[in-house]
Amino acid sequence: MAREITAGTRVIPRVEEREVKIVSLRALIFNRFIRHRMAVAGVLIVFGISAFSYIGPFLSPYAPDQVNLRERFAKPSVVMLAGAGAQVPALYNLDAINGATAERPLRFGHPLGTDDLGRDTMTRAMFGGRVSLGIGFFVSITSVIIGTTFGALAGYLGGLWDNILMRINDVNQALPDLPVLMVISKILPPGFWTMCVILTALSMLRSSRIARAMALTLKQQLFSEAARAVGANWSRMIFRHIIPNSLSPLFVSVTLGAGGAIRAETSLSYLGLGIQPPMPSWGNMLSNAQQYFFSAPWLVFFPGIAIFLTLFSFNMIGDGLRDAFDPRMTRR
Amino acid sequence: MLKYVINRVVQMFPILILISVLCFALLTSMPGDPLDQMLENNPDFTYEDYMRLRQLYGLDDPVYVRYFKWASQVLQGQLGYSRQYKIPVQNLVGPRLVNTLILSISALVLALSVALALGIISAVKQYSFIDYAGMAFAFFGFSVPGFWMGLMLIVLFSVNLHWLPPGGIMSSDVQPGIWNQFLDRAKYLIMPMIVTSLTEMASWTRYTRNSLLDVLQLDYLRTARAKGLTEQSVIVKHALKNSLLPLITVIGSSFARFFAGATITETVFSYPGMGKLLFDSVMGNDFVVSMAILMILAFMVLWGNLIADVLYGVVDPRIRYD
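Order-wise, the sequence lines are chains A and B.
Going by my numbering, the first sequence opens with residue 1, and the numbers climb by one from there.
Going by my numbering, the second sequence opens with residue 1, and the numbers climb by one from there.
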């Protein structure tokens, strides 16, 4: 029986000691994320595609812009005969395996086929992945850092800057992104860094809206008042209190932003405004391929699958993070 | 309410002016101008003509002078004259706008009906096969890039199966009669409609499901069940009404994305709508056309948001605009 300690008029009941497993917030969130199977699959797919694009080119025997007119429109095949040209019949190419002799040895084929100039689609997809993933990572991370700082500053300090930021956001919300991106990418010289800059500028606004909203609610709360009462100035308030407390929606916005940036880049490159050939990107590979989809459907198929898998896994990771950060932990 | 609407409409004007200034600044800083194309395409076009036309169109004026000229023209109802198509912008944009509206509205109806059906079934039968299939479909819809989806549909239904035309808007050999024309248009509309609606369909499915699940946990539904209502009337009459209210705002703010999506879809299916016109005019330096389309887009987005907000106030008595 629990003994009661009486002290004056107050009765303090003794709590029986139980073994409590202390879990840090980070571990809790991590555990919840791990339990979201699709999100984990998304992480694995992103790692896989990154490995494919960043390590793959070192293993590939072809260069991305290596033109080989004897092997135009070669069908996907893992092995092929030396000098056999484009008449490769099937994926595992039994004819080639049977027909191999000492004079005409088997050699590594084009697993994803070749395009109209005989360039290897797989190698091009790897380099395209470097471009698309690079833009995705760069844009999502820089735009969140810059957008959060501006948004939190505007939300916390208010005044003129807040007003300016909000008017820019009004304009941004009234105009669909794609037309604006089209116009801007026509003004600036096309290329990787141009795409990074314009996509960062646009997606920065979204994270600034999130950070501003968070700052507006957080600055009213008691802990902010307490911090101000002990003399925290505005920069300490923003960088030590507001931003750390709004990290969870920002993490989600990083992953979704990466997906969004890749989607925007591929759309623009598809329209012919983003990354320009001969530099490969998943988007401009598709726009080149669509003239040939009667004769060479694999050219349309593989870059699209790569875009789809990447966007799919970023969305899954975003969903998993959102669930993991959700304190109500609604399991859906 | 009336005061609120008037207030919102008045607030719209500064935003529209700001947008027009911004778009004008962006479009004028694009390299090249309409005359460059004339110089390229017309061998009889001399340098003197070029200079004279520059003078005439006022292309050498400072940007703000040109902006005020453009603005005063627009305020008088003159949208300008397309250099690429050689017709007034009104005559050019009007039919294209109708085409885009047909596409967007049918895509909206499709997205909404599929999303509601799938979302409601998924929520009512949570963790069932339909639920998982619906959520898988939702993630597929978010993630698939529109232009690729369009290309794959063309490969499947036009190239391989020969069921649907790969692009365009109507056949040249259509039989007379309203019904025949309607069927013909519908045949060309199916694939663009699916591609345009896919993203919104996916996100609305998820939205419907999640908000219905939230409502289904509430106490008043337990009361409704306790007083002996059938499950059907509990869900249809009591739960749905409350759970679908927020969807109005979501739909209202999705106008922008429908039109942005239309740019891609219309290019893939060579559907003569406003999105494709915008793309062509940006590429061809057809300045007044791009400007007119961007302003129409902004105008429609602002009105879409306003209508959604007002409707939300009408259907939800808890929200009052005083």
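Hints are computed from structural coordinates only; laboratory data are not their basis.
Wrong hints could be hidden among the right ones.
Just a sample of chain A residues kept apart from chain B, beta carbon distances all over 10 angstroms, derived [unchecked claim]:
1) V20
2) D116
3) T217
Quick list of the computed label-pair ranges, beta carbon to beta carbon [unchecked claim]:
4) A/I146 <-> B/V5: 34 to 44 angstroms
5) B/S72 <-> A/N245: 42 to 52 angstroms
6) B/A133 <-> A/I22: 15 to 25 angstroms
7) A/I305 <-> B/N7: 45 to 55 angstroms
8) B/N7 <-> A/D116: 56 to 66 angstroms
9) A/I34 <-> B/A117: 26 to 36 angstroms
10) B/L218 <-> A/I146: 50 to 60 angstroms
11) B/K69 <-> A/Q276: 28 to 38 angstroms
12) A/I164 <-> B/I6: 43 to 53 angstroms
13) A/Y54 <-> B/P88: 49 to 59 angstroms
14) B/K69 <-> A/P244: 44 to 54 angstroms
15) A/V40 <-> B/L183: 26 to 36 angstroms
16) A/I146 <-> B/K69: 29 to 39 angstroms
Ideal Cβ placement from N, Cα and C applies to all residues, glycine included.
Hint-by-hint comparison with the structure:
no. : hint                                  : in the structure
1   : V20                                   : 29 angstroms, holds
2   : D116                                  : 16 angstroms, holds
3   : T217                                  : 19 angstroms, holds
4   : A/I146 <-> B/V5: 34 to 44 angstroms   : 37 angstroms, holds
5   : B/S72 <-> A/N245: 42 to 52 angstroms  : 50 angstroms, holds
6   : B/A133 <-> A/I22: 15 to 25 angstroms  : 41 angstroms, violated
7   : A/I305 <-> B/N7: 45 to 55 angstroms   : 50 angstroms, holds
8   : B/N7 <-> A/D116: 56 to 66 angstroms   : 58 angstroms, holds
9   : A/I34 <-> B/A117: 26 to 36 angstroms  : 34 angstroms, holds
10  : B/L218 <-> A/I146: 50 to 60 angstroms : 41 angstroms, violated
11  : B/K69 <-> A/Q276: 28 to 38 angstroms  : 35 angstroms, holds
12  : A/I164 <-> B/I6: 43 to 53 angstroms   : 26 angstroms, violated
13  : A/Y54 <-> B/P88: 49 to 59 angstroms   : 53 angstroms, holds
14  : B/K69 <-> A/P244: 44 to 54 angstroms  : 52 angstroms, holds
15  : A/V40 <-> B/L183: 26 to 36 angstroms  : 48 angstroms, violated
16  : A/I146 <-> B/K69: 29 to 39 angstroms  : 37 angstroms, holds
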